[in-house]
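Undergrad: Read off the chains here:
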Amino acid sequence: MLKFNKKLILSASTAAALAVLTAGCMGGSASTSNTTTEVNGKATIDGGSTYPVMNGKTGPYYVNPQVAADAPKINNGRVPTANELAAWNTDIMPDGTGLPEGSGTADEGSDIYDAKCVACHGDFGSGGGGYPSLSKGNAYDLQKTLTNNRWKDPEADGPVREFGSYWPQASTLFWYIKDGMPHPFTKSLTDDEVYSLVAYILNINEMKIDGVDVDDDYVLNREKFLKIKMPNRDGFEPNIDGPDALNDVRAYYANPTNFGAQNLKKGAVRCMTNCQKETARTIYIKNGGIKDFLPPMSDVRSLPKEKKVAVDAAAVYKNTCEMCHGNGVGPGLGAKSDWAPYLADGIDSVYKKGIHGTDGGMPAKGGSSLSDADFKTVVDYLINGK
Amino acid sequence: MDNKKSNQEIDRRDFFKKAAASVTAIAGTSLISSNARADDPAIMHHVPWGQKWGDPVTKNRYGMPSKYEHNVLRRNTKLLASGNFRASIAVTPIQESMGIITPNGLFFSRSHGGVAHVDPAEYRLMIHGLIEKPIVLTLEQLKRYPSVTRTHFIECPANGGQEWRGPQFNSVQFAKGFMSSAEWTGTYLKTILADLGVKKEALWMLAEGSDSSEMGRTIPIDKVWDDAMIVWGQNGEALRPEQGYPVRILLPGWEGNLCVKWLKRLEFSTEPWYCKEETSKYTDLKPTGKAIQHFYANEVNSTVTSPSPEIDWTSLRDGDIVEIQGLAWSGMGTITGVDLSFDGGRNYIKADLKGLVLPKSWTRWSYMHTYKKGEKLLLTSRAMDDAGYIQPTIDQEVGVMGVEAVYHRNAVETWEVTETGKINHVEIRTMKEVKDA
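Which chain is which? The protein sequence lines are D and U, in order.
Okay, so the first sequence: first residue is 1 according to our numbering, each after it adds one.
Okay, so the second sequence: first residue is 387 according to our numbering, each after it adds one.
Since no wrong hints were added, every one of them can be taken at face value.
In silico DSS-like links for lysine-lysine, alpha-carbon gap of 25 Å or less:
#, chain 1, residue 1, chain 2, residue 2
1, D, LYS365, D, LYS336
2, U, LYS529, D, LYS73
3, U, LYS808, D, LYS286
4, U, LYS529, D, LYS57
5, U, LYS586, U, LYS519
6, D, LYS266, U, LYS672
7, U, LYS736, U, LYS759
8, D, LYS144, U, LYS672
9, U, LYS585, D, LYS42
10, D, LYS291, U, LYS464
11, U, LYS519, D, LYS73
12, D, LYS187, U, LYS650
No lab work stands behind these hints, which were simulated from the structure alone.
From just these sequences and the hints, can you work out the full model?
TA: Here is the structure:
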């Protein structure tokens, strides 16, 4: 823990900062324990313990007293240039900070979606195969499913947590598509493309902006984007907005009943006998549970018998190549006419380009970590369809 | 010694069968008379590694585990994978874990756009926003800050999260292995910030990764001034790529997802960011229809690691004394005790802690048990921490959180010990069974 640094007091005078630092200076306090769940009279932000420096230690760890107040500033590094800041400071906040100018329609978004997203996220954002869905229908109706809990009524449908029905802010969608999608070529979309895709995703979620349906020709731009009100905007706790947010968070986690916790210092008891209700019973795993573990569970130490296994080309194709080659991105499985232009330079050239990747969208070895020999076996399978 | 047979494979199974037969012949005693048994070939023969040279010291410049440990592996399952294992998790074999440290190669691996391989020469950390003096640091400059070393677990808050509606994994690796522990080396973030000066309006910090998902999370300033670290060392060596090489943020006790890997940028602001991983995911939906956001700490928790579905008691004999042991941990403090129940949490006795007991760290606990052949047990452990938290029963937790929360499940967990010594993952609860749990 740092001791007071005069400069720091002047500049970093958030309550939290002072609180922690102050606690750090009270080495001689009467308390025998160096644990507390309060910092300067305020609950810790997470409801847990904190370990201020006392008698030269934080918890069981010694700290170097020279790393303290009066220590000279370390002053490493340099100030970033304006261009560097602009290059990296690309986040987009709910109030529009960072949101670029641009525009696009749901119709245009639909075309981009079909070219760059549908292979994973499915028709109309339906998802599947481990890929998240981007819509399950009308966002306003589906928002009402969030109180569905399969405990009270096991027959009921569960809650639908999609972008439209669940997310509190639309800025998250723009930011994430711009920075984190599409796999595997992230950060490759223009701002207009992102506006189009967002319009399309609003469209398949049957959402409105300012009372107007986002239909196929709706032109989404920055101004309209900032008017989006997500159906579940008020669906989250504790409050994290505004200047009082941290007090709200501290108060929330100071009360264990908010988050299903039991605290012995706040009324819970350490029950030692008869701690379950009479009606409690043993629930077993159903239908064998989940057990498709990779690799299969085993604690065997003896070595497996050595045998060279041939690569399972069909399986590699299914898991790695199909998402492109099976979706019209790249020449198709066993499609002679697709492959003819590639084979014009001979099979060795095809192998080589496949191994190194191409500017036309083929990642090196299709993103796999196969040996060259095994990769060639898969290429043969891909070309011949068998 | 029998030289001729020395290179032959020893049929250990056959030996143990014979040994077991001789044991049952003298039921009730654990001291076995020396002439009632077959001689153990592992003793009677020269072993192959005793009769030829081993490897030269020049062979493994970076050592590897014994080839016989080939099944001690991180594992994954398709059901917990987005598509092709790039936004996915591989979990730690905690049934094989010893002590309170996970070897780096077995540390659980979770990423949202694959494991990035960052060139340290091109590594930069930018700190900006509501800061008096924004900076860019190279890796070398970052490492010049005074270092601290701390032992902490990192846990994915979805650890155990598949089991809200009923048990699903008959495996401790999958039921509780979404976590690992290491001794981390780095610097306190507050040490750097003391030099830079944070403006007083700053309430939140964005931590952002440089990987293909540009993983980001909003962190409240309280944690920044408390124990948040920027780390580059893991168990005495550089971070592994899976853990964010060369630099990640470590928020002791808090959700693994908040401990952003491949860290490139810290920005300070008056308002939070609403990143994908703090809205779409990592939020806990309650039966009220409201979801908890910014649920930071992993709550007090524990599990029995031995026995477990992976390490059963089928080879125990009547009267054997066996150690029941496990892990306890809390992201909200230091473990103060663990209770153990043999009847599914109806009645408890005190178990003992052992080894180092550190804040926000894995803690080992233990209880010596005399096994009765054929006994049926329901083993449940329950941990407490110095902030006062104690693990809830399933009914208590579900009573508030419902069964759709996904994250932060820390109710007590139960292993059934069957008559034959097999171990099954079960849940003791009053709620109605859920059809498609």
